[in-house]
Amino acid sequence: MAIEVRIPTILRTYTGGAKTVDGAGDTLDALFTDLDAKHAGLRNRLVTDAGALHRFVNVYVNDEDVRFTGALETTLNDGDSVTILPAVAGG
Amino acid sequence: MARYDSLLGALGDTPLVGLPRLSPSADVRLWAKLEDRNPTGSVKDRAALYMIEAAERDGLLRPGCTILEPTSGNTGISLAMVAKLRGYRLVCVMPENTSVERRQLLTMFGAEIISSPAAGGSNQAVAMAKQIAEDHPDWVMLYQYGNPANALAHYETTGPEILRDLPKITHFVAGLGTTGTLMGTGRYLREKVPDIQVIAAEPRYGELVYGLRNIDEGFVPELYDASVLTTRFSVGPRDALLRTRQLVEVEGIFAGISTGAILHAALAAAGKAAKAGEKADIAFIVADGGWKYLSTGAYAGTLAEAEAALEGQLWA
Numbered sequence: 001m002a003i004e005v006r007i008p009t010i011l012r013t014y015t016g017g018a019k020t021v022d023g024a025g026d027t028l029d030a031l032f033t034d035l036d037a038k039h040a041g042l043r044n045r046l047v048t049d050a051g052a053l054h055r056f057v058n059v060y061v062n063d064e065d066v067r068f069t070g071a072l073e074t075t076l077n078d079g080d081s082v083t084i085l086p087a088v089a090g091g
Numbered sequence: 092m093a094r095y096d097s098l099l100g101a102l103g104d105t106p107l108v109g110l111p112r113l114s115p116s117a118d119v120r121l122w123a124k125l126e127d128r129n130p131t132g133s134v135k136d137r138a139a140l141y142m143i144e145a146a147e148r149d150g151l152l153r154p155g156c157t158i159l160e161p162t163s164g165n166t167g168i169s170l171a172m173v174a175k176l177r178g179y180r181l182v183c184v185m186p187e188n189t190s191v192e193r194r195q196l197l198t199m200f201g202a203e204i205i206s207s208p209a210a211g212g213s214n215q216a217v218a219m220a221k222q223i224a225e226d227h228p229d230w231v232m233l234y235q236y237g238n239p240a241n242a243l244a245h246y247e248t249t250g251p252e253i254l255r256d257l258p259k260i261t262h263f264v265a266g267l268g269t270t271g272t273l274m275g276t277g278r279y280l281r282e283k284v285p286d287i288q289v290i291a292a293e294p295r296y297g298e299l300v301y302g303l304r305n306i307d308e309g310f311v312p313e314l315y316d317a318s319v320l321t322t323r324f325s326v327g328p329r330d331a332l333l334r335t336r337q338l339v340e341v342e343g344i345f346a347g348i349s350t351g352a353i354l355h356a357a358l359a360a361a362g363k364a365a366k367a368g369e370k371a372d373i374a375f376i377v378a379d380g381g382w383k384y385l386s387t388g389a390y391a392g393t394l395a396e397a398e399a400a401l402e403g404q405l406w407a
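Chain order of the listed sequences is A and B. Each residue of the first sequence is one higher than the last, beginning at 1 in the numbering used here. Each residue of the second sequence is one higher than the last, beginning at 92 in the numbering used here.
The hints are simulated quantities; they were obtained by calculation from the structure and are not laboratory data. Here the structure is a predicted model, which means the values were calculated and not measured. Yeah, the Cβ is synthetic: ideal placement off N, Cα and C, and Gly gets one too. Careful: at least some of the hints might be erroneous.
Under the rule of at most 35 Å between Cα atoms (straight-line distance), these lysine-lysine pairs were calculated in the DSBU-like manner [unchecked claim]:
{"hint": "1", "chain 1": "B", "residue 1": "K221", "chain 2": "A", "residue 2": "K19"}
{"hint": "2", "chain 1": "B", "residue 1": "K370", "chain 2": "A", "residue 2": "K19"}
{"hint": "3", "chain 1": "A", "residue 1": "K38", "chain 2": "A", "residue 2": "K19"}
{"hint": "4", "chain 1": "B", "residue 1": "K259", "chain 2": "B", "residue 2": "K366"}
{"hint": "5", "chain 1": "B", "residue 1": "K259", "chain 2": "B", "residue 2": "K370"}
{"hint": "6", "chain 1": "B", "residue 1": "K283", "chain 2": "B", "residue 2": "K259"}
Derived list of chain B stretches under chain A, where covered just means 3 residues or more per stretch with a C-beta under 8 Å from a C-beta of chain A [stated by the list, open to error]:
{"hint": "7", "segment": "213-222"}
{"hint": "8", "segment": "309-318"}
{"hint": "9", "segment": "324-332"}
Given these sequences and hints, build the entire structure.
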């Protein structure tokens, strides 16, 4: 099961400069654990010690914010696209 | 009656127009709230007037005062107009990668612009403005990202207008920037229409805009309350441009690029309702017209060319 994950510039130090990486997992939590096995330290930048998404990290599955779809428990399917972005200001 | 004593009286009470060609069926209908019909041509006029009037009531603003605000454009233009009519000086802190039209409009209305580095985006404009405010304690920063009057403007005006014109509303869709429009309108509609879906469309910029952001120094507006929203979509430039063009080609509405992103989310909600066989009346915000973005290249050439032209720009 392959899920494409888009990595923001600031976190590409963990992916050897790669803009996108492939991962696997039935949930976002499992996906981040899988990614961390290949890109050590990445999970820690996304998830707090208490097991929640970092406040200034936004994660989208097929463009929908995961905080509205179960956060780390959001279920994933083969072919889903995951985007990670820093939170920015608008207006 | 459409006669007003001055320009500020003409603010708000904007038209809500149906989109018969883009709506999936007679049962699932899209409605556009034309906020470009405000005095300076954007939804931000509402927040600007409310924030200035609240500061006047609180005794913060007196004639001759200087207002300081971090803004990527529309809020600055709205504030500049109100400030001009009320006798205040306005200083805007704006990222340098915003369109030339916005700069010209601000200058024309008499505002002064302090540019913040493109690489730091709006986050750095906010940080710079906070620093400048410390250096000038007599200046008044209205701070749209945390000023309750921003959301209140929409709670007291945008929300009631939409419900008055569309009592059967099932979905409300707007852009997420300061979050003021969604928080204020969303809260009002939730109180009156228990099952309403409140949907946020957030612009996803090109790589360059996020490039140097440190993930530990991100920014979430103080006004933001996730419990007001049903869901939140990130919309990239390609989808935003496609919908912006569709809106003018199919329905004759010439809107800015962020409105394309909002329409994209509205159409997704419409498609979902149609597929489920549900009735829906979906109102969305046309945040501004397309005039200020002509120089970005968004309206010329192929979609791919327009997308390339937008790379690195703050288009919403």
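**Asked** Would the pair K259 of chain B and K370 of chain B pass a check requiring their Cα atoms to be no farther apart than 35 Å?
**Response** Holds, because 10 Å separates the two Cα atoms, which is no more than 35 Å.
Taken at face value, is the distance from the CA of K19 of chain A to the CA of K38 of chain A at most 35 Å? Cα-Cα ~15 Å, so holds.
Given the hint that K259 of chain B pairs with K366 of chain B, does the C-alpha gap stay at or below 35 Å? It holds: about 19 Å lies between the C-alpha atoms, which stays within 35 Å.
Apply the coverage criterion to the segment 324-332 of chain B and chain A: a residue qualifies when its Cβ sits closer than 8 Å to a Cβ of the chain, and three qualifying residues are needed. holds (count 4)
Next on the checklist: Between the alpha carbons of K221 of chain B and K19 of chain A, is the straight-line distance 35 Å or under?
Outcome noted: holds, 33 Å
Compare the distance between the alpha carbons of K370 of chain B and K19 of chain A with 35 Å, and conclude whether the hinted pair is satisfied. violated, 41 Å
Regarding the pair K283 of chain B and K259 of chain B, is the alpha-carbon distance no greater than 35 Å? Holds, at roughly 11 Å.
Query raised in the report: Are there three or more residues in the segment 213-222 of chain B whose C-beta lies closer than 8 Å to some C-beta of chain A?
Result: holds (count 4)
Check your understanding: For the segment 309-318 of chain B, does the count of residues with a C-beta closer than 8 Å to a C-beta of chain A reach 3?
Key -> This one holds; 5 residues, not fewer than the three required, reach chain A with a Cβ under 8 Å.
Figure legend: structure checked against the earlier numbered hints; the only hint not met is number 2.
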